[in-house]
Amino acid sequence: MNLMEHMGIEPGRLQFSWISSAESTKFVDVVKTVTASVKALGPNTTYNKQAVKVA
Amino acid sequence: MSGYQDKIKEVALRLLKDGSVDMVIGFRKGTLPMMNEPCFIRRPEDVHQLVWDSNCGINLANYLTDRKEKIAVVAKGCDSRNIVTHIIENKIKRENLHIIGVPCQGMVDKRRIISEFGDTLLDVADDGENLKIKIHGSEKSLKKTDVLQSNCAACIHRNPVLFDELAGELVPEQAGVDRYAEVNRVEAMSPQEKWQYFEDLLSPCIRCYACRNACPLCYCPTCFVDESRPQWVGKSQDPIDIRTFHFLRAYHCAGRCTDCGACERACPVGIKVRQFTSKLNKDAFEMFGWEAGMTLDERPPLDTYKPNDPNDFIK
Ligand code: SF4
Ligand code: SF4
Numbered sequence: 001m002n003l004m005e006h007m008g009i010e011p012g013r014l015q016f017s018w019i020s021s022a023e024s025t026k027f028v029d030v031v032k033t034v035t036a037s038v039k040a041l042g043p044n045t046t047y048n049k050q051a052v053k054v055a
Numbered sequence: 056m057s058g059y060q061d062k063i064k065e066v067a068l069r070l071l072k073d074g075s076v077d078m079v080i081g082f083r084k085g086t087l088p089m090m091n092e093p094c095f096i097r098r099p100e101d102v103h104q105l106v107w108d109s110n111c112g113i114n115l116a117n118y119l120t121d122r123k124e125k126i127a128v129v130a131k132g133c134d135s136r137n138i139v140t141h142i143i144e145n146k147i148k149r150e151n152l153h154i155i156g157v158p159c160q161g162m163v164d165k166r167r168i169i170s171e172f173g174d175t176l177l178d179v180a181d182d183g184e185n186l187k188i189k190i191h192g193s194e195k196s197l198k199k200t201d202v203l204q205s206n207c208a209a210c211i212h213r214n215p216v217l218f219d220e221l222a223g224e225l226v227p228e229q230a231g232v233d234r235y236a237e238v239n240r241v242e243a244m245s246p247q248e249k250w251q252y253f254e255d256l257l258s259p260c261i262r263c264y265a266c267r268n269a270c271p272l273c274y275c276p277t278c279f280v281d282e283s284r285p286q287w288v289g290k291s292q293d294p295i296d297i298r299t300f301h302f303l304r305a306y307h308c309a310g311r312c313t314d315c316g317a318c319e320r321a322c323p324v325g326i327k328v329r330q331f332t333s334k335l336n337k338d339a340f341e342m343f344g345w346e347a348g349m350t351l352d353e354r355p356p357l358d359t360y361k362p363n364d365p366n367d368f369i370k
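Sequences listed follow chains A and B, in order.
Residues in the first sequence are numbered from 1 upward in steps of one, following the numbering used here.
Residues in the second sequence are numbered from 56 upward in steps of one, following the numbering used here.
Looking at chain B on its own, in the form it has when it is part of the complex (with noise of 0.2 Å):
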């Protein structure tokens, strides 16, 4: 982990002096343990900030839209497929980017730590294998890859796919790990339950709308949920208007979700916001062979037409 630190600060170091960018994206450590949180370097000086380990879940492609200067930015997989996303919706130039491509090992759900360990944590630190926690009085280690986000546990993209250098070695991707099968377990259901089920996935959500600002996707100037002429979807805590809101939002996402976990991550309840867009992207898989954000040279399905698209469904 500390290497890969060390060369996210060499490069920012390097390119701030030589004025190549006018500012590097990265992280730096939050106030509480494993909330680093992103950060934006624009002097040579302040560069020592920059940090990395695995509690950097935050996509930085989210602090990218529609940026002008020429940025750094730190990448790890799930970023850069953010980062082709962004630049085919030309929410951002390539030439203005030099991306600071991370090598991925996952990065750690908090909430399984905090949940085990009660919220009075001292300090969590990685050092690449293991997690080392500190409790009042005593310490405990923990094997990282028991404790990735779900996300992570099964990401098959870790390496990033667009870089102009790398901070670390390239790392081999997960083989055998099953992407589906939370989608699969409630395709599985009756509509019944699976009615049921939503319902009591959503009944905790207090519409802070976390997930959305979390989300590098979610860079509409006025979100439909905020849009009152017209109003597309109640504003009130109805369980059918959250329903609404969180369906809504994941069509919105179809075909370009990278299922980096933000969401998720965000949500100060810890709902699993990623069982809806898990099921787009299975879809996107699966009838267009797609996975969002792969290549700059390939047009997503959803703004192109092809005879072949599966149609079935228009009687």
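Looking at chain A on its own, in the form it has when it is part of the complex (with noise of 0.2 Å):
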């Protein structure tokens, strides 16, 4: 994480978590607080390979 973010990635677009199948309410809540940080970042730019346009 320390070196895509190194290369440009914002903070807060790459994260990692740790969820056992029983903690069904924590698998939300870390669903949400990323949904909320990467919105607020707003789309991705950089790292995003585009599609090949064939004419």
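By construction, these hints were calculated from the structure, which means they are not laboratory data.
Predicted model only: the values in this text are computed from it and were never measured.
Where is the CB? At the ideal position from N, CA and C, for every residue including glycine.
One should not assume that every hint holds.
[As the list claims (entries may be wrong)] Derived Cβ-Cβ restraints for the label pairs, each shown as a range:
#: 1; chain 1: A; residue 1: 15; chain 2: B; residue 2: 255; range: 45 to 53 Å
#: 2; chain 1: A; residue 1: 50; chain 2: B; residue 2: 189; range: 44 to 52 Å
#: 3; chain 1: B; residue 1: 306; chain 2: A; residue 2: 11; range: 12 to 20 Å
#: 4; chain 1: B; residue 1: 281; chain 2: A; residue 2: 42; range: 30 to 38 Å
#: 5; chain 1: A; residue 1: 1; chain 2: B; residue 2: 255; range: 19 to 27 Å
[As the list claims (entries may be wrong)] Just so you have them, the derived chain A footprint on chain B, three or more residues with Cβ under 8 Å:
#: 6; region: 240-251
#: 7; region: 291-300
#: 8; region: 332-345
Since each chain comes alone in its own frame, lean on the hints to assemble the complex.
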């Protein structure tokens, strides 16, 4: 993660979590916070390979 | 320098003659100035080819991978650390090696010399302190410490960490050098600037994989970039594919890289490949107090679990 951010991925776009299958509420919380923080950052315009356009 | 060279020859001759090794891996003069090449000496009569000067930047640990015969290998500080890493990773047996340690005074940045004098150099000779550069019709002397490779200028492990005998007196280690100056400079940038910095850094990359091939850590039978089922990373010149190759390769070197600079030296277009690995080296040092290849007695942080491993990034 450090290297990803070092090469220009915004902090907050890449996140790690450890959730047991029994922790349903933690799962929901994590999904909510991750979506909120990624939405706040906006679309990923950098590390995003454009599909090849075939004429 | 010639003292080192004589001693290396003397040791090589002795070991080959008494049959204690099957082969000596060292350097011989290349066909161009500053391009010493690795050589594999099997017969006592070939020992005279061996050379030593400040153009021996290639990492010889790269040629030891999975070797079964008895080998004597010439090793400067960084090579010896990669040999330790090879032993820890079961890529070579300690008992099959006779390590001729060379206390190192740094390797010369051939690109700096070429950019200053053009590529019509006739000869570059090294007398230990100075480089004598011969070009058509003139000769110039440069102080060696002014033209070292950037990793060598900031190296604090010049003396071999593991050896059977030495080719010269141990050298004083450099103090007060900032190994992470470049990393810190990039760390201070904003995400957009960082992205752009690496975009510019990698734009000349032709994906020849010379950096990977020169690296002693890159010994996978099939590298992830060469796999096609599954295909982990696109094989095109798309900047995203290039970037993916570089950061993934760097991750494979995490906690293993000794900052020998072989990758940068090998790159035909002069990309500062170490910009990726240096960050990981700094992280390994700050998070785990780890420098690769310093000891045979400790497992690397990425293949052991310790209760106090930093894990704040897991939410
Ligand atoms: S990194 Fe250190 S040991 Fe390796 S070549 Fe440079 S000065 Fe010598
Ligand atoms: S050696 Fe240079 S050009 Fe070749 S793949 Fe590595 S960085 Fe790219």
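Hints versus structure:
1. Range check, residue 15 (chain A) to residue 255 (chain B): about 28 Å between beta-carbon atoms, so the 45 to 53 Å window is missed.
2. Take residue 50 (chain A) and residue 189 (chain B): their Cβ atoms lie about 50 Å apart, and the range 44 to 52 Å holds.
3. Take residue 306 (chain B) and residue 11 (chain A): their Cβ atoms lie about 18 Å apart, and the range 12 to 20 Å holds.
4. Hint check: residue 281 (chain B) to residue 42 (chain A), Cβ distance near 36 Å, so the stated range 30 to 38 Å holds.
5. Hint check: residue 1 (chain A) to residue 255 (chain B), Cβ distance near 23 Å, so the stated range 19 to 27 Å holds.
6. Requiring three or more residues with a Cβ within less than 8 Å of a Cβ of chain A, the coverage given for the region 240-251 of chain B holds, as 8 such residues are present.
7. Here the region 291-300 of chain B counts 4 residues with a CB under 8 Å from a CB of chain A, which clears the bar of 3, and the coverage holds.
8. Only residues whose C-beta sits within less than 8 Å of a C-beta in chain A count toward coverage, and the region 332-345 of chain B has 3 of them, enough to reach three; the restraint holds.
Going through the hint list in order, the structure does not satisfy hint 1, though it satisfies all others.
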